[in-house]
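Protein chains: 2
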Amino acid sequence: MVTIEDVAKKAGVSIATVSRVLNNANNVSEKTKLKVWKAIEELNYKPKILASALARHKEKFRVGICESKRLIDMEKEKVVPEFYTVILTALEKTGEAYGIKFCKMDLFNPSECDGYILVGGDTTKELIKEYKNLKKPFLLLDHYIPGEKVDCIVTNGFDGAYFATKYLIKKGLRKIYHIHGPLNSYGFKGRFDGYTSAMEEAGLLPKYYEYDDVKDNMSDVIDFMLRKNERPEAIFASNDITAMRVIRELKKRNIKVPKDVSVIGFDDIISAESFDPPLTTLKVFKDEMGSLAAKRIYELLVGQDLHPIMMSLFTKFIKRKSSI
Amino acid sequence: MVTIEDVAKKAGVSIATVSRVLNNANNVSEKTKLKVWKAIEELNYKPKILASALARHKEKFRVGICESKRLIDMEKEKVVPEFYTVILTALEKTGEAYGIKFCKMDLFNPSECDGYILVGGDTTKELIKEYKNLKKPFLLLDHYIPGEKVDCIVTNGFDGAYFATKYLIKKGLRKIYHIHGPLNSYGFKGRFDGYTSAMEEAGLLPKYYEYDDVKDNMSDVIDFMLRKNERPEAIFASNDITAMRVIRELKKRNIKVPKDVSVIGFDDIISAESFDPPLTTLKVFKDEMGSLAAKRIYELLVGQDLHPIMMSLFTKFIKRKSSI
Chain A
1 MVTIEDVAKK AGVSIATVSR VLNNANNVSE KTKLKVWKAI EELNYKPKIL
51 ASALARHKEK FRVGICESKR LIDMEKEKVV PEFYTVILTA LEKTGEAYGI
101 KFCKMDLFNP SECDGYILVG GDTTKELIKE YKNLKKPFLL LDHYIPGEKV
151 DCIVTNGFDG AYFATKYLIK KGLRKIYHIH GPLNSYGFKG RFDGYTSAME
201 EAGLLPKYYE YDDVKDNMSD VIDFMLRKNE RPEAIFASND ITAMRVIREL
251 KKRNIKVPKD VSVIGFDDII SAESFDPPLT TLKVFKDEMG SLAAKRIYEL
301 LVGQDLHPIM MSLFTKFIKR KSSI
Chain V
1 MVTIEDVAKK AGVSIATVSR VLNNANNVSE KTKLKVWKAI EELNYKPKIL
51 ASALARHKEK FRVGICESKR LIDMEKEKVV PEFYTVILTA LEKTGEAYGI
101 KFCKMDLFNP SECDGYILVG GDTTKELIKE YKNLKKPFLL LDHYIPGEKV
151 DCIVTNGFDG AYFATKYLIK KGLRKIYHIH GPLNSYGFKG RFDGYTSAME
201 EAGLLPKYYE YDDVKDNMSD VIDFMLRKNE RPEAIFASND ITAMRVIREL
251 KKRNIKVPKD VSVIGFDDII SAESFDPPLT TLKVFKDEMG SLAAKRIYEL
301 LVGQDLHPIM MSLFTKFIKR KSSI
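The listed protein sequences derive, respectively, from chains A and V. Here the first sequence stands for residues 1 to 324, where the numbers follow UniProt numbering. Here the second sequence stands for residues 1 to 324, where the numbers follow UniProt numbering.
Honestly, the hints are just simulated from the structure, not real lab data.
Just so you know, same-sequence chains aren't split out, so a pair can sit in one copy or run between any two.
Once the Cα atoms are required to be at most 27 Å apart in a straight line, the calculated DSS-like pairs of lysine-lysine come out as: (1) K252 <-> K215; (2) K283 <-> K132; (3) K316 <-> K125; (4) K283 <-> K125; (5) K171 <-> K129; (6) K136 <-> K104; (7) K319 <-> K132; (8) K135 <-> K319; (9) K135 <-> K316; (10) K135 <-> K166; (11) K319 <-> K129.
None of the values given here were measured: they were computed from a predicted structure.
So here's chain A without its partners, still in its complex pose:
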């Protein structure tokens, strides 16, 4: 019988910490949470509360976690480092307490279930139609498709980007540029809108550049930006990976961060804290997204014709050394 002590030992943390993670407490770092969840998974530890909840529900609902191969590959290759792993771990743990059994499946070829959670940005309008035809509740996790009126759980990119840009403006900076991913992604579009809103409100001209992470053309982007404009005082990047690439290119050109240029990312991925310099960023609440998704699909499963809503989680500004 695996005990909580075994988990604590394996994860290299205290028993109290394991218990905090199991209780979804707020004062545990994401890194620690991930370590604990990994240990739980590897040891196949069944916490008593969850076990008893499970027994009570006798696995009442089967819910499909639908992911595209593209997304799974990106996770494996750490292109989207640990992002969905954290979300899905929280989703599964919370779901268990609601008597939900999850089964992973291909987004484009779902097998029969009581409900579905469509993960990430690969869901299209056409696919929504197919899922609607299944006549089972479903929701989009980390994605929104305009005009489709489907339940979804997303991060409030607008709000976070608006806050970060305002922060830089309050610090007296004026030349604040934005480097973003493709704007057909709902996530990037929201951050873009938040940045431009804050700039326009302050009477400043937004300046932005698209970065292609497949081609990895950051060197060109930075050259182009510097040729075209004065050197920026700050760059707000639409995610941490992009911010890190920005900082590397600036360093190569002997531009100091944050002395010459402040850089802010978005996501708060695990490596953001240990980066040189540690990255100022907007923390995305991945585990809360996961538990909200579990809670919402449960509501949809037991409720009747609930009105569809978008739930959009606010981010938290984490000030580190890459910005003033």
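Fit chain V to the given chain A structure using the hints.
Just chain V now, kept in the frame of chain A:
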């Protein structure tokens, strides 16, 4: 029929505690949770998690409904016809089921309560600061303030406007104009963004005019619009009142609706259906907004440090005779 009282009795805890456990609140010890889950299991209690299970909730919360005098006056004078009346009726009805007692009060001078619901668009950044100082849970109803990270419940204006504009485009129309209220209002801004997004996606040029409902300058707006451009094929107005004003001005100029120009509103106010011609519009789910607000403030009252979210309700397109 097993009730929540039976569970509480068997577990030797209060009904409020059972409800906290069912709602996944953080402020319940693991030991207590286990006792409650065990009682639930042994009694085979099927929680309907929400309203009905909590109907007999004994613990009364006092929650302030905070409105500005301006808003109350507007309601009385039917400038915002029945809008908040419907929302607040649903709020109070649902709240009762959660054991919440509501008291109406001045937005700018709240008296002591367990929580607050700030109604409408008059809440400012500064006011948020004052409410945060009260250290009690609160949420914004029908309003959002960028960067403040406060729980809020709003209508998804973007999505509805995007849908309506797309609808007109699909019908073969190209000259689709937008007449909107002041864009510093979150509601109007979202609808504006949805309209422009759909137009730009289709490669069409957005054309928009601001209407001032205090000055009631619709006659001038329509004259200016017609002088400046070709006659539109459709006008999307940012609410029903505005759409009705548009139609009246078009009629005066012998322009037929929908034969010459399709007109679409937003809100689905009571008079939209009996208008001549009956108004095509986006229905705002006022009662669902009210009940969501009650549910959310309850979660905030019993939970601890819940992560702040924006809940944004999708609208529904209601096709009537004012548009093709």
